Amino acid sequence: MKVGDVPASSLALQAARGGVSLRIPPITVRVRSPIARFAQQLHTLYGAYELCDVADLADIDVRLLPARGPRRLLAPAVRFVIDGITPFEPFELDHALPLFEWGVNWVFAHRMHQHLLLHAAVVERGGRAVLLPAWPGSGKSTLAASLAWRGWRYLSDEFGIVSLSTLAVLPFPRPAALKNESIDVIRRFAAQALIGPTFPRTRKGAVAHMRVPDESVRRAAEPASIAAIVFPDFQKGAALQARPLGQTAAFLKLAHNAFNYEVLGEAAFHAVAAIVRRAQCRILRYGDLDDAHQAIHDLVEQPVHADV
Amino acid sequence: MLFDALVGGTHLVNATAAELLLLIEEAPGLTTGELHARLVARVEASPEALPLAAVDEILQWLARLNIVAAHGA
Amino acid sequence: MPTSDDIVALLLLAIKDPRVLQALGPREWERLLACARRNAVLAYLAHRTESTGVHERLPDAPRVAMASARAGARRLAQLARWEVEQIAQVMRREGIPLIALKGVAYLLRDMPHADTRLITDVDVMVPRASIDAAERYLQAAGWRTADLDAYDRSYYRRWSHEIPPMRYPGRLLGVDVHHTICAPVSRLRPDPNAFWAHAVATRMPGVRVLSPVDSLLHAAVHLFFDSDFDSRFRDLIDLHEMALAFGEDAQFWPALVARAAELDLGRPLYYTVRMLGLIVRTPLPTGVVAEVERFAPPAPVARWMTRTVADVLRPVDPEPWPRRHRGKLWLMYVRSHWLRMPAHLLIPHLVRKSLRRAGDPATQTQ
Numbered sequence: 001m002k003v004g005d006v007p008a009s010s011l012a013l014q015a016a017r018g019g020v021s022l023r024i025p026p027i028t029v030r031v032r033s034p035i036a037r038f039a040q041q042l043h044t045l046y047g048a049y050e051l052c053d054v055a056d057l058a059d060i061d062v063r064l065l066p067a068r069g070p071r072r073l074l075a076p077a078v079r080f081v082i083d084g085i086t087p088f089e090p091f092e093l094d095h096a097l098p099l100f101e102w103g104v105n106w107v108f109a110h111r112m113h114q115h116l117l118l119h120a121a122v123v124e125r126g127g128r129a130v131l132l133p134a135w136p137g138s139g140k141s142t143l144a145a146s147l148a149w150r151g152w153r154y155l156s157d158e159f160g161i162v163s164l165s166t167l168a169v170l171p172f173p174r175p176a177a178l179k180n181e182s183i184d185v186i187r188r189f190a191a192q193a194l195i196g197p198t199f200p201r202t203r204k205g206a207v208a209h210m211r212v213p214d215e216s217v218r219r220a221a222e223p224a225s226i227a228a229i230v231f232p233d234f235q236k237g238a239a240l241q242a243r244p245l246g247q248t249a250a251f252l253k254l255a256h257n258a259f260n261y262e263v264l265g266e267a268a269f270h271a272v273a274a275i276v277r278r279a280q281c282r283i284l285r286y287g288d289l290d291d292a293h294q295a296i297h298d299l300v301e302q303p304v305h306a307d308v
Numbered sequence: 309m310l311f312d313a314l315v316g317g318t319h320l321v322n323a324t325a326a327e328l329l330l331l332i333e334e335a336p337g338l339t340t341g342e343l344h345a346r347l348v349a350r351v352e353a354s355p356e357a358l359p360l361a362a363v364d365e366i367l368q369w370l371a372r373l374n375i376v377a378a379h380g381a
Numbered sequence: 382m383p384t385s386d387d388i389v390a391l392l393l394l395a396i397k398d399p400r401v402l403q404a405l406g407p408r409e410w411e412r413l414l415a416c417a418r419r420n421a422v423l424a425y426l427a428h429r430t431e432s433t434g435v436h437e438r439l440p441d442a443p444r445v446a447m448a449s450a451r452a453g454a455r456r457l458a459q460l461a462r463w464e465v466e467q468i469a470q471v472m473r474r475e476g477i478p479l480i481a482l483k484g485v486a487y488l489l490r491d492m493p494h495a496d497t498r499l500i501t502d503v504d505v506m507v508p509r510a511s512i513d514a515a516e517r518y519l520q521a522a523g524w525r526t527a528d529l530d531a532y533d534r535s536y537y538r539r540w541s542h543e544i545p546p547m548r549y550p551g552r553l554l555g556v557d558v559h560h561t562i563c564a565p566v567s568r569l570r571p572d573p574n575a576f577w578a579h580a581v582a583t584r585m586p587g588v589r590v591l592s593p594v595d596s597l598l599h600a601a602v603h604l605f606f607d608s609d610f611d612s613r614f615r616d617l618i619d620l621h622e623m624a625l626a627f628g629e630d631a632q633f634w635p636a637l638v639a640r641a642a643e644l645d646l647g648r649p650l651y652y653t654v655r656m657l658g659l660i661v662r663t664p665l666p667t668g669v670v671a672e673v674e675r676f677a678p679p680a681p682v683a684r685w686m687t688r689t690v691a692d693v694l695r696p697v698d699p700e701p702w703p704r705r706h707r708g709k710l711w712l713m714y715v716r717s718h719w720l721r722m723p724a725h726l727l728i729p730h731l732v733r734k735s736l737r738r739a740g741d742p743a744t745q746t747q
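Protein chains in written order, with the working numbering: chain A, 1 to 308; chain B, 309 to 381; chain C, 382 to 747.
Rather than coming from a laboratory, the hints here were simulated on the basis of the structure. Computed from a predicted structure; not experimentally measured. Please note: incorrect hints may appear among the correct ones.
Claimed, not checked - To give a feel for the contact side, a few chain A residues facing chain B, derived at Cβ under 7 angstroms:
id, residue
1, F251
2, G265
3, E266
4, F269
Unchecked claim - What follows is a list of derived Cβ distance ranges for each label pair:
id, chain 1, residue 1, chain 2, residue 2, range
5, C, T433, A, F88, 29 to 39 angstroms
6, C, P586, A, Q241, 51 to 61 angstroms
7, A, L13, C, G523, 54 to 64 angstroms
8, C, P664, B, A323, 58 to 68 angstroms
9, B, A353, C, A514, 38 to 48 angstroms
10, A, L13, C, P703, 20 to 30 angstroms
11, C, P701, A, Q294, 49 to 59 angstroms
12, C, L394, A, P200, 47 to 57 angstroms
13, C, R584, B, E327, 25 to 35 angstroms
14, C, D386, A, H256, 41 to 51 angstroms
15, B, A357, A, A109, 45 to 55 angstroms
16, A, D53, B, A323, 51 to 61 angstroms
17, C, R525, B, A377, 19 to 29 angstroms
18, A, G205, C, D513, 42 to 52 angstroms
The beta-carbon is built from N, C-alpha and C at its ideal position, and this holds for glycine as well.
Using the sequences and the hints given, assemble the complete structure.
Structure (structure tokens):
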């Protein structure tokens, strides 16, 4: 049974009682919250995800609970509770959803050391995955979100989960977090995209979440091999320029960009080396999304040649 | 790219330093002068292009990272 | 639906005999993992399952969760070894003797549980006469003293037995340099020279550790007025592991009791022995349990204190919300008593400390 198969009001009731368990491959997340509006937003954004038995083992169990802020916030606040602790300052009550999304990311990055966790968006087409590593101003979320509506499978917005044994990337599809201008960009780019409410004044400015296309959720258990690593560099009005990146430079960028490179040590070293040897690595400067799409498409359509 | 398994640190070393490390691995215990001579021969450089001082500098840097250690004669 | 007492009992049982884990259902597993995480012993639990051969027979999800926690702790242990080696290089050069304390000492002793702890700082001790020089040499070598406000600086100068924390820029772990075991103004004032006299060499040149007896006594003292509120149970496990490791030598126990008497550290030893027996059920020679009675407070106080202390040290189940605030008043009493810090100074100090810790996610979760 999927989240969307139950009425939003039922979901809200369940969330307030024993909690709602969502299957978000590769994990199960249980959410407990009495905040009805938050549960309804989950219903909208996670409609295509499987519901699990709330009694089964959840990998991450979070509570979004109303709270008074420690600094005596005048507005009502919401607190993120994981295993009996609140690692973050509370958000204003209406911002339960961004707090949930951000909080789950944080917990995930601390707990999943059985894989190499790269800080990247991931899309896939024809069995070939493209990593879009994150760096400030890169526009990776916007680029990945737009690709999702042009024939690419959407694997992740934040985490490139790499299996240490197979070096395949594992999907972890979550609503794409769009910020500020990107929200309108995606609305214009893909009329069929379902974008949740805009939350003004978060730490990152205005944030809205795009629902992952249902097909990508359906295929969330399928890994893919990494064909290309594209470091996006969005510059308004810039002409398209795809610069190849040497293996050493790509290694450095990727290692710095990983959440748990340090923790995994030698295993991470070998994994990153293997990835940059096999993948096409580029820095992609672009001002126009369609240009960027074409460049990525061309990159992946090339026959794979031996490492240069 | 060099991974120091003892410390868990990753280092970017240039091609010259990489060759030097390989030499040291093959034949530990050589003096700086001997290493310099072998390195120059190995990479087919002229001694002006790769002076002893440069090799010494690389060794000092590697020593600070605890990747190589000098011991007194 | 397991109660909090059930889960806590399960954790305590599983630590002693990991085979009980083989019978758990998914919901119990989840509660147990959350409880272990909350009490900073998930990596330790993983280690216990590994050393008893139970690890491979566990279901995927818990096995992977424990392995992940183990990897995180191992990395911190590696960084801690590196950090103390760097400090030792500076001190060797300048001829300042060094004693490694707490977590890094367990590592240098190769204790089996040493790399399951989430180390956040490296603790070392230098002779009191060398403390200012040590601070200067570390600063010259690149370590930076934490930016402190005037309040904290005056706290360190007046009450503490350490210089303000230092950190090498870009590195994760901080460094705490002490010159004695207990705060100078505390009621417990063992002579640091006594510890230096019995300190033991390690594989790392220039770095010593406290003798086994002194290590345990130091940990006992630390547990009762120094340790972080959230890692108390983990600190009790350190004492458990030391009792197991050092206690194999029959000479250890009489020496421990004698030393406690000699250094006037009997009270912390008394509580340690009681708590190890009560909570962890560490096997202890009956002689010791009898011997430490002489360090006990008067009988009615002893009964009340034992109950209260056990309540504070027992692992906490993270499931109930809102959290039960256990023993904070007791904590303040103990600290005020041992530290001789007047209440009108102690309370604002503790409030500031807890506010600061509440805002720092780095100290949380595995």
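Does the Cβ pair D53 of chain A, A323 of chain B satisfy 51 to 61 angstroms? holds (57 angstroms)
Hey, does the E266 of chain A contact hint survive, CB to chain B under 7 angstroms? holds (6 angstroms)
Return holds or violated for the Cβ distance of L13 of chain A and G523 of chain C against the range 54 to 64 angstroms. holds (58 angstroms)
Q241 of chain A and P586 of chain C - C-beta distance against the hinted 51 to 61 angstroms: holds (55 angstroms)
Mind checking the hinted window 38 to 48 angstroms against the Cβ distance between A353 of chain B and A514 of chain C? holds (47 angstroms)
If I claimed the Cβ atoms of D386 of chain C and H256 of chain A lie 41 to 51 angstroms apart, would that claim hold in this structure? holds (46 angstroms)
How does the Cβ-Cβ distance of P664 of chain C and A323 of chain B compare with 58 to 68 angstroms: does it lie in that range? Holds, at about 60 angstroms.
Go ahead and decide if the range 45 to 55 angstroms is satisfied by the Cβ distance of A357 of chain B to A109 of chain A. Check passed, 46 angstroms falls within 45 to 55 angstroms.
Between P701 of chain C and Q294 of chain A, is the Cβ distance one that fits in 49 to 59 angstroms? Given range 49 to 59 angstroms: holds, Cβ gap about 56 angstroms.
Tell me if the beta carbons of T433 of chain C and F88 of chain A are separated by a distance inside 29 to 39 angstroms. Since the Cβ atoms of T433 of chain C and F88 of chain A sit about 37 angstroms apart, the hinted range of 29 to 39 angstroms holds.
A range of 42 to 52 angstroms was offered for this pair. Does it hold for the Cβ distance of G205 of chain A and D513 of chain C? Distance hint for G205 of chain A, D513 of chain C holds at roughly 48 angstroms.
Between L13 of chain A and P703 of chain C, does the beta-carbon spacing fit 20 to 30 angstroms? Because 22 angstroms falls inside the window, the suggested range holds.
Checked against the numbered hints above, the structure violates none of them.
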